[in-house]
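Engineer: Heads up: the first sequence is residues 3 to 974, going by this note's numbering.
A portion of the hints provided could be inaccurate.
[Stated by the list, open to error] Here are the simulated EDC-like pairs of lysine to aspartate or glutamate, each with C-alpha atoms no more than 16 Å apart in a straight line:
no. : residue 1 : residue 2
1   : K283      : D262
2   : K68       : D156
3   : K943      : D917
4   : K250      : E221
5   : K258      : D156
6   : K208      : D219
7   : K841      : D761
8   : K910      : D924
9   : K177      : E221
10  : K677      : D599
11  : K177      : D194
12  : K943      : E877
13  : K730      : E972
14  : K943      : E908
15  : K661      : E638
16  : K140      : E221
17  : K425      : D437
18  : K730      : D589
19  : K526      : E403
20  : K68       : D128
21  : K911      : D924
22  : K766      : D747
23  : K184      : D219
24  : K140      : D128
25  : K841      : E828
Just so you know, the hints here were simulated from the structure itself, not pulled from any lab data.
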Amino acid sequence: MHLLLVDGSGYIFRAFHALPPLNRKSDGLPVGCVQGFCNMLYKLTTDMDEGEPPTHMAVIFDHSGKTFRDTIYSEYKAHRPPAPEELVPQFPLTRSATRAFSIPAIEMEGWEADDIMATYACMARDAGWKVTIASSDKDLMQLVEPDGSIRLLDTIPRPGQPPLRWIGPNEVLTKFGVTPDKVIDVQALCGDSVDNVPGVPGIGVKTAAELINTYGDLETLLSRAEEIKQPARRQKLIDNAELARISKQLVTLERKVPVDIDLDGLLRQPIDPSTLFPFLKAMEFATITKRLGNLLEADPDLFEPDPELRAGGTRDIGAPKKSADLSVAKAKLAANVVPGTGPARFAAEEHARIKAIPVNYDAYEIISTPEQLAACIARIVDRGHFAIDTETTSLDAQQAELVGVCLSTAIGEGCYIPIGHSKAGDLLEGGGLVDGQLPARDVLAALKPVLEDPSILKIGQNVKYDMEVFVRHGITMAPIDDTMLISYALDGPQYNGLDILANHWLDHKTITFGELAGTGKARKTFDQLEIAPAARYAAEDVDVTLRLWHVLKPRLAAENATALYETLERPLAPVLARMETRGITVDRQILARLSGDFAQRAAAFEAEAHELAGEKFNLGSPKQLGEILFGKMGLEGGTKTKTGAWATGADVLEDLAAKGVPLARTIVDWRQLTKLMGTYTDALPGYIHPETGRVHTSYSQASVLTGRLSSNDPNLQNIPVRTEDGRKIRSAFVAPQGKVLVSADYSQIELRVLAHIADIQALKDAFEEGLDIHAMTASEMFGVPVEGMPSEVRRRAKAINFGIIYGISAFGLSNQLGIERSVAGEYIKTYFERFPGIKDYMDSQRARVKVDGFVTTLFGRKIQFPNANSGNPSERAFVERASINAPIQGTAADIIRRAMIRMEGELKKAGVEADMLLQVHDELIFEVPEGTEDQAIPVIKRVMETAAEPAVRLSVPIQVDAHAARNWDEAH
DNA sequence: GCAAGGACGTA
DNA sequence: GTACGTCCTTGCA
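Given the sequences, and given the hints that come with them, work out the whole structure.
Structural biologist: So this is what it looks like as structure tokens:
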């Protein structure tokens, strides 16, 4: 008899890092480990059959939950990060795979797979059988028998090695330095950082083996510890004897698990094609299906894919999970995906297939009866995923009224459900609703269950918008996938809109909103449109969205962008949706008072300017101003812009003012005040929502090259702060009664990132010691002590530090500091000398962008520069500077994204009430109940400061400063 | 009515 | 020297 035990859980975890990522091609479900697992079972059944074929077989899995080890030692396996997101759906699938191969899948509550395997192995050995354990887990090495009756077989795929590798007593000796029966004693001493088994601190495998080989076993060693010569080692063993004993209990496998199935129950069964092939076909494993077809001499084509498991079935493929750690990204980068094979080929084939399906407007459907609606929802439930789009009266999700909902469950389909199309009315009264529409309440009530069903994936283009519309109707959409964000993760912001994506990937021109609703003054809102043309437009959009999803999603796996999308894009969208929905309170009175004040002062400046110029002119016209300054007044030193106009920017005017031209100063002052009025004091009140009374910005998650967010309508990321008048505007952002605002900002995040990425020891040391980084730089460069340093010296160093981040040039630095080009060049040279590593970093980025056409952030975000090899020298120089800046700015952006994604959950876990309202690149603004800020701030700081972990361990400390106050100016 | 350019607010 | 969005004027349709 020969028993084969397969370590199912161990295989999945190890194979995950060893195998290239692979998604099921029709819906992106990650299945790489499942496929590897099936290949392994196939290998075991074929290769082993050549030697001594197993007569009995089982696959053993870990059961989730606590085991007896947790009661012995509460920290056991406490360091384990949660399973990577892509792995989670593969756990149940490997069990399904096992059953598909007609092999018992065994797991038992309260026991680890290792204990169950130990139990069966000992039972079989005692019965005189041979035992093979397919596992590379070192914890199982204690079971190996010197006589070969129990052996391990390593089945984890490793490049350049045979698929199956035996582990016997010799291999155990190599690994632990002892015979198998003493493995647990060695493990008790050296511990295990992966499982968090403590061991004796400071004793590694080698020392442990030496000690055990000298004293025979752990207890003898501990009782004779006094005899050990080395004093440090002796003391460690005496002090930690108990820890060693606990460790031994943790690593010792239980060999008497009360198993339900006896050995006879593990007798091998012939594979049943009618269970095997439906599974393999549902997984879309073509190669292995073919191989097993040959092996079993059966025709796979006779079987249909398992309906429970087929693509888009009811399986949950989208529920939000804990973020994957960097090992995902690293494994993928290491996977070295070759175009034309594996996932890359899938993606290419899928693209070609989808692109070939023509758009057919006649196939679209308008839902006007409850029966049609019910049928549509039944299709959604059956498919498990669908594309959705809302049609509304406004681009502003907070103001938009729902006019229709459009759904697509399959390519070529589109169901438009009109609910808010209105008859033309007069000015005072709307004309009521057009006939033939289901009541909005009924439609929303019917959609709510599927929109909130965690097992049904909702696919959209810019889904954040639809989420916000639905949440105003009491519906929380989840889980979601977003074609815009997938495209952004893959290609950056270059193609954003649905129309552009459709044109680029599907070679299809969609109906534009302008064609449908008119442009300019004649533009109708969606509710004023006829249902039929509106339905065509809407249905085409969801159809195209679903097609794009099929094209783009497989590219994530093919192009190593899954981790980026899953950890930094997809989970952020709902967070932003909630921030936008919350909005922030802006005090109308403060703005009104400021506006009056600014207007008066601006009027005075305007009169003064006319006086000084000797004529009336439009101060807002750079053209007129240039003609007055450099034409009429004949001033020297005017420069022209690239279009030939006189340059009249603030820097030019400051120069003139310094040379004694009072008009220039007047204009600068006037411009500042009118800017503040036009952009802030006059414009912001118009953004106060009539119902919430708050200002709701909209964040764009997919429009910045480096991975930053941008904010618009209104832009709340450029609220003034530098000037005194500007800060008065900031003070109009307030907390409501009973609350305070908390502002938490990263200190010098980009310089810290630079210190880490470029590995600049001097910078790292300075941050570690908490020094004033600009003063330190100045001191290094100019040899001036930090004590009593003139502010001008520090200012120069600060400008240089920023310059470095921006991809410094002598030209730029000389402009910034108002110094000679040659002097600026000397500064840069000195900087490179004082901070070796900076130049190497810059050169490496310049080289990368020329070779690859992109650079990357620490978290794997690619920043593309298509014209890195442009024939235009100034364009090339620009790309060089941008490619130096992008990894720094982008890594900082990735870090704060991670903080935002974790923030709400951590606040909740800590029992702290705090609403995240705004993000300003390196700053987060919260609204917190007054008096609780001291509880909120430490949590906020911790989440932000540890946001890079565990994916990246920065070699510099991250520091966050946080303050609470009634308004944003004081909190900042 | 719309797009481009200049200017300027932020990190 | 990097990354954005908005306001205003200008010039052309």
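Engineer: Could you run down the list of hints and mark each one as holding or not?
Structural biologist: Taking the hints in turn, this is what the structure says about them:
1. K283 / D262: Violated, because 32 Å separates the two Cα atoms, which is more than 16 Å.
2. K68 / D156: Outside the cut-off at roughly 27 Å; violated.
3. K943 / D917: Roughly 14 Å separates the two Cα atoms, so the pair holds.
4. K250 / E221: holds, 10 Å
5. K258 / D156: violated, 25 Å
6. K208 / D219: holds, 15 Å
7. K841 / D761: holds, 11 Å
8. K910 / D924: Violated, at about 22 Å.
9. K177 / E221: With a Cα-Cα distance of about 22 Å, the restraint between K177 and E221 is violated, given a limit of 16 Å.
10. K677 / D599: holds, 14 Å
11. K177 / D194: holds, 14 Å
12. K943 / E877: violated, 40 Å
13. K730 / E972: holds, 10 Å
14. K943 / E908: Given pair K943, E908 holds - Cα atoms ~11 Å apart, limit 16 Å.
15. K661 / E638: Given that 16 Å is the threshold and the Cα spacing comes to 10 Å, the pair holds.
16. K140 / E221: Violated. K140 to E221 sits at ~22 Å, over the 16 Å cutoff.
17. K425 / D437: Distance of about 9 Å is within 16 Å: holds.
18. K730 / D589: holds, 11 Å
19. K526 / E403: Holds - the C-alpha atoms of E403 and K526 are around 14 Å apart, at most 16 Å.
20. K68 / D128: Violated, at about 29 Å.
21. K911 / D924: It is violated: about 24 Å lies between the C-alpha atoms, which goes past 16 Å.
22. K766 / D747: With Cα atoms ~20 Å apart, K766 and D747 exceed 16 Å; violated.
23. K184 / D219: Distance of about 7 Å is within 16 Å: holds.
24. K140 / D128: violated, 23 Å
25. K841 / E828: With a Cα-Cα distance of about 14 Å, the restraint between K841 and E828 holds, given a limit of 16 Å.
Of the numbered hints stated above, those contradicted by the structure are hints 1, 2, 5, 8, 9, 12, 16, 20, 21, 22 and 24, listed in ascending order.
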